[in-house]
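Asks: Let chain A serve as the given structure and place chain B on it in line with the hints.
The listed protein sequences correspond, in order, to chains A and B.
This note's numbering numbers the first residue of the first sequence as 1 and each following residue consecutively.
This note's numbering numbers the first residue of the second sequence as 1 and each following residue consecutively.
Some hints here could point you the wrong way.
Stated by the list, open to error - When the alpha-carbon atoms are kept at most 30 Å apart in a straight line, the in silico DSSO-like pairs for lysine-lysine are as follows:
#, chain 1, residue 1, chain 2, residue 2
1, B, 19, A, 131
2, B, 92, A, 117
3, B, 56, B, 45
4, A, 131, B, 56
5, B, 92, A, 103
As the list claims (entries may be wrong) - Not the full set, but computed from the structure, chain A residues with beta-carbon under 8 Å of chain B:
#, residue
6, 67
7, 68
8, 70
9, 72
10, 74
11, 142
Stated by the list, open to error - Which stretches of chain B does chain A cover? Using the computed rule of at least three CB atoms under 8 Å from a CB of chain A, they are:
#, region
12, 131 to 140
13, 144 to 157
Since the hints were made in silico from the structure, they are not lab data.
A virtual CB, placed ideally from N, CA and C, is assigned to each residue, including glycine.
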Amino acid sequence: MLCNECGKNEANVHVTHIINGKKTESHLCEECAKKNQAILNSSFSMENLFSAMLNNAFNNKTALPAKGCPNCGMTYDTFRSTGKFGCSHCIDSFKTRVMPVIKSIQGYDRHTGKIPKRAGGSYRVQMDIEKMKNDLRNAVECEKYELAAELRDKIHELENKLKGDE
Amino acid sequence: MENNDIVITSRVRLARNLKNYKFPINMTQEETISVINEIEDAINKHDKNYKLTYMKDLSDVQTNSLIENHIISPALAKKRDGGAFLLSPDQKVSVMINEEDHIRIQTLGDGLSLKECWDLSNNVDDILEESIDYAFDSELGYITSCPTNIGTGMRASVMLHLPALSITNQSDKLLYGISQLGVAVRGVYGEGTKSIGHLYQISNQGTLGAPEEILIDKIIQITMQIIEKEKSTREHLMKNNHDELEDDFYRAYGLLTNARKISADEAMKLLSLIKLGSEMGITPMVKGKNIYELMIEIQPNNISAVEETEISPKERDKKRAEIIRRELLRLN
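Isolated chain A, as found in the complex (with noise of 0.2 Å):
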């Protein structure tokens, strides 16, 4: 007997299935049972539900560059099935189909951790600020003026200097 699956090498590995009680018989060669085995046992990971996604948002026809990723070259068909990006510009190129999917697994669309000093830049300064005013608001309820003072002052110094960055 032949192989179901290739048609070609001798079938020697007999699988029965019994899914609601529908019995089903498939009589495959060594290397497609291994092949089949190997989507059996495939973990159901993040990045295999990301790719899976990715291919089921057929709503999604905003436009992609016509050549890949500008910088690196990488096609959009290659990043969804890879589900790899090719370089740190490829999530740009791609962002209006890959947004809506990091949004949905992720459950945010936005960074809030921690942020590197020298690659992070004024958004570094930026988000301090913005720590240091809640702080204040704080400080000014609890009636802990001095600290109040104190936190102006850095706020009005990290302004400033954001300004002379400008």
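Replies: This is chain B only, laid out in the frame that chain A set:
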């Protein structure tokens, strides 16, 4: 019973990429080498004791043994060509290079030490960033090769030993429950979520939208709940099933100290039992912490690594039984 009996290790991993290079999936051989050089230089400026190892210089047995010891990831093992890692002398920090991302900083700690691991990872990250231009976006955070790591690029995980919950068939239900809280659960050894030796790993699922400290705190809170559940189940077993357990533990001990050949699966199950027995004070002749080390030591590639060559499964099972007998008698 200590919390450290239940939480065996903690781990924090940060994914980072260099702005001016294509990501590993897209890199040439020359590019992988210059990325390795840049990262080595950046670390060397602060600490010359890190040791650089190229994946191409390792045998299969050495590579798999590093995976079994949780020093490198299985994904790095596949990067024979461009992969490398820097390891701190105490083996607590491993900087994997050209895995899925250019940089994966991984720190390991004993017991529930996620905060310490985060501090250490954060520190190594600061050191690297002094000389390396990271790919960072003010809205999306650290840009990673896979969008599921974007933002903080952080995966914080703990390894738990949950024998009481497992033998009372509560672990599946509990772990399914916590997976609903945005936390990923898997078995440490064995395929998929099936666990061998009642060892489980839980980690944060999402990496975007919350600061690192909050993500870590969530894992700690959930872990504390699981610890309480495991402890109360142990107390319940002690009260209601003491005689059966005592018999199970001594049988396990008897097998382990007498077997002449043993598979990794069987050994892991029995070692898990005597670890529980010692922590419950029923089999006082063994110490739980040493048992976990033994669990790692008897993994297939670690046995081969000691022999410095690939040995047949049959020989390995004999060797494994020998190591267990020797170690249990030594620990006695």
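Asks: All the hints need checking, so say for each whether the structure fits it.
Replies: Status of the hints after comparison with the structure:
This hinted pair checks out: residue 19 of chain B and residue 131 of chain A have alpha carbons roughly 27 Å apart, not beyond 30 Å. For the proposed pair residue 92 of chain B and residue 117 of chain A, the alpha carbon gap of about 25 Å is at most 30 Å, so the pair holds. Of the pairs offered as hints, the one joining residue 56 of chain B and residue 45 of chain B holds, with about 25 Å between alpha carbons and a cut-off of 30 Å not exceeded. Between residue 131 of chain A and residue 56 of chain B the alpha-carbon distance is near 47 Å, which puts this suggested pair outside the 30 Å criterion.
Proposed proximity of residue 92 of chain B and residue 103 of chain A is contradicted: the alpha carbons are some 34 Å apart, above 30 Å. Given hint, residue 67 of chain A at the interface with chain B, is violated; its Cβ is 15 Å from that chain's nearest Cβ, farther than 8 Å. For residue 68 of chain A, the suggested interface contact is broken, since its CB lies about 11 Å from the closest CB of chain B, more than 8 Å. Interface hint at residue 70 of chain A: violated, since its Cβ lies 13 Å from the closest Cβ of chain B, which is beyond the 8 Å cut-off.
At a threshold of 8 Å, the smallest CB-CB gap from residue 72 of chain A to chain B is about 5 Å, leaving the interface hint in force. Look at residue 74 of chain A: its Cβ gets to within about 7 Å of chain B, closer than 8 Å, so that hint holds up. For residue 142 of chain A, the interface hint is violated, since its Cβ never comes within 8 Å of a Cβ in chain B; the closest pair sits about 23 Å apart. Judged by the Cβ-Cβ criterion of 8 Å, the region 131 to 140 of chain B is covered by chain A as claimed, because 8 of its residues qualify and three suffice.
For the region 144 to 157 of chain B, the stated coverage by chain A holds: 9 residues have a C-beta nearer than 8 Å to a C-beta of that chain, and at least 3 were required.
Going down the numbered hints, you'll see the structure goes against 4, 5, 6, 7, 8 and 11, while the others check out.
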